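Colleague: Build out the structure end to end from the sequences listed, making use of the hints.
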Amino acid sequence: MTPHCSPEQLVDYVNGELAAAADAEVYLHMADCSFCHDAYSSELSLRESLHNFGKATERELPASLADAIRQAATPQRRVSMLNWQSFWRPRIALPALGGVASLALGVLLLSPHSSGVSTSIAQISAAAFLDRHTEAMVTMPLAEHLSAPTFESAATLQETPDEE
Amino acid sequence: MNRRSLPALVCASACAFAFLLPLNANAADSALALLQAGVRAPLTTSYTAQVERIHFGARGSRQTLVRIEHLAPNATRRTYLAPEAFYGNTIVQRGNRRYECDRHHHRFVIRVEHDPDDLSTAQNFALLARNYRAEYGQDEMIAGYPVISLSLINRHTGEKTMSIWLERNTHLILSKVVFHRDGAVASEMRFEKLRYTNKLPANTFSTSAPSGYIVVTNNVANRSQSAGSGETDTNKPPTPIDPHFLPEGFALIQTTYPTLQGVPFLHLLYSDGIRSLSIFENQHNTPAGVNGFHAQSVKIGERDAQLVADGANNLLTWQGAHSSFTLVGDLSKPELLKIANSLR
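For the record, the sequence lines run as chains A and B. Each residue of the first sequence is one higher than the last, beginning at 1 in our numbering. Each residue of the second sequence is one higher than the last, beginning at 1001 in our numbering.
One or more hints might be untrue.
Have a look at the derived ranges for each label pair, beta carbon to beta carbon [as the list claims (entries may be wrong)]:
{"no.": "1", "chain 1": "B", "residue 1": "A1184", "chain 2": "A", "residue 2": "I69", "range": "41 to 51 Å"}
{"no.": "2", "chain 1": "A", "residue 1": "V14", "chain 2": "B", "residue 2": "Y1136", "range": "14 to 24 Å"}
{"no.": "3", "chain 1": "A", "residue 1": "L50", "chain 2": "B", "residue 2": "Y1087", "range": "17 to 27 Å"}
{"no.": "4", "chain 1": "B", "residue 1": "A1202", "chain 2": "A", "residue 2": "L50", "range": "16 to 26 Å"}
{"no.": "5", "chain 1": "B", "residue 1": "P1083", "chain 2": "A", "residue 2": "A63", "range": "26 to 36 Å"}
{"no.": "6", "chain 1": "A", "residue 1": "Q71", "chain 2": "B", "residue 2": "G1212", "range": "18 to 28 Å"}
{"no.": "7", "chain 1": "B", "residue 1": "E1159", "chain 2": "A", "residue 2": "P3", "range": "44 to 54 Å"}
{"no.": "8", "chain 1": "A", "residue 1": "L65", "chain 2": "B", "residue 2": "S1061", "range": "30 to 40 Å"}
{"no.": "9", "chain 1": "B", "residue 1": "G1301", "chain 2": "A", "residue 2": "A56", "range": "31 to 41 Å"}
{"no.": "10", "chain 1": "B", "residue 1": "N1096", "chain 2": "A", "residue 2": "F53", "range": "42 to 52 Å"}
Okay, the calculated bits of chain B under chain A, using three or more residues with CB under 8 Å as the criterion [claimed, not checked]:
{"no.": "11", "region": "1099 to 1108"}
{"no.": "12", "region": "1120 to 1131"}
{"no.": "13", "region": "1252 to 1260"}
{"no.": "14", "region": "1289 to 1298"}
{"no.": "15", "region": "1316 to 1328"}
Bear in mind the hints are in silico, worked out from the structure with no lab data behind them. The model shown is predicted, which means the values in this text are computed figures rather than measured ones. The beta-carbon is built from N, C-alpha and C at its ideal position, and this holds for glycine as well.
Modeller: Spelled out as structure tokens, the structure:
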């Protein structure tokens, strides 16, 4: 693996979309890399914020509007497919690819991961401290005689909000 | 109490060697001896059961439902039934080796953990006995078996810290409730569908990874060295700063130098036998990152700090003048703040 995980890798890791080998590689790397673990925590935090915002602002779609959208969408499906296929025409695809490449280059240049000069130590997730504390408790007579498994660690657990 | 109390603790632990010996008939009647028997029960009792655990946090609760197959003395298989995210995941524990099978990530994690020796377990039981008294409660039935209930009362504060229910014949702990200082329930564990048997299928405790799974070795034991190991590490954290305040009955029970995500720390573990406190210290600018947690901003002297509640534990983290500190423990927020201020 490169010195740090790429943002794309982390997003895929958070969403469980990496192949098993790549997933294990990222998992292992993060155990020893506070920088990537911090980025991973930020990604999780962003995801949770978006999720919470979505839940907070969720509105019921009026039934009449939903019906109207369905009716309007059905006859246009074939047209949409044609539009999608037209994307691959060179006069559209080439400029689009150029734009994407420029954007990717910009992100790469601005990314702290690629600078190679960042030597400061990123924050270590509070979850790592909580897990370590639990691990250390195994010698206590009435503690749970099992520290949290990796899939149940504080880093991955989400609390179930109580009903209001 | 601070680390200077360690010699006293070691002396007290000598008395606790009784823990290693068979319980005699006279002691068996006492609540404390019963508690010892409960702690030791899995060493001699094989069973299958379904176990529900709930941790009540500040913002909600965490629940797990696990099927347990245990073969005395030290082979255990746990199969997760709930929540859905963990469904089908298994953990096979054989001594200090643990094999975690994560079906969702097709990952097989082998963990080599610290091997708690009998002496440290005995020392910690002596600490518990010194700080807590056990009182009998009402007899009940749990999972179809008669149980004896015990409440553990803090000798210094008079507060009930834990209630446990032990099966009358085997002394297996079938239920446990942990309380916060204000009396609120912090966590609860309860057995269901209990069956005593040592006839478990041969492959129950298999430690081989399923085909197609990626095997990951996560050696917890090697990632930290005990304070007495004598190993030299140029990146070793600073000399520990003793807290001038600790809750009554707390003693230092472990000093290690773990590495968290590649960063070396000094880790001091304090306990009164049930409740516990970890102090993590290092010289880098690495207070804990609280992304994903609901953090409360507080002050330690003039310095900004973050306070996080996670289930029964609270975490307090800040950057000091020369070191960063992170405190974790099942202590109240005022207690953590008082300890933090006594570190300055």
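Colleague: Next, verify each hint and record whether it holds.
Modeller: Here is how each hint holds up against the structure:
1. A1184(B) with I69(A): 41 to 51 Å: holds (49 Å)
2. V14(A) with Y1136(B): 14 to 24 Å: At roughly 50 Å between Cβ atoms, Y1136(B) and V14(A) fall outside 14 to 24 Å, so the hint is violated.
3. L50(A) with Y1087(B): 17 to 27 Å: The hinted range 17 to 27 Å holds for L50(A) and Y1087(B), with Cβ atoms some 25 Å apart.
4. A1202(B) with L50(A): 16 to 26 Å: violated (48 Å)
5. P1083(B) with A63(A): 26 to 36 Å: holds (33 Å)
6. Q71(A) with G1212(B): 18 to 28 Å: violated (47 Å)
7. E1159(B) with P3(A): 44 to 54 Å: Hint holds: Cβ distance 50 Å, inside 44 to 54 Å.
8. L65(A) with S1061(B): 30 to 40 Å: 38 Å Cβ-Cβ, so the 30 to 40 Å window holds.
9. G1301(B) with A56(A): 31 to 41 Å: Between G1301(B) and A56(A), where Cβ atoms are some 37 Å apart, the hint holds.
10. N1096(B) with F53(A): 42 to 52 Å: holds (44 Å)
11. 1099 to 1108: holds (count 6)
12. 1120 to 1131: holds (count 5)
13. 1252 to 1260: holds (count 6)
14. 1289 to 1298: Contact hint for the region 1289 to 1298 of chain B vs chain A: holds, 5 residues under 8 Å.
15. 1316 to 1328: holds (count 3)
Hint check: violations occur at hints 2, 4 and 6; the rest are consistent with the structure.
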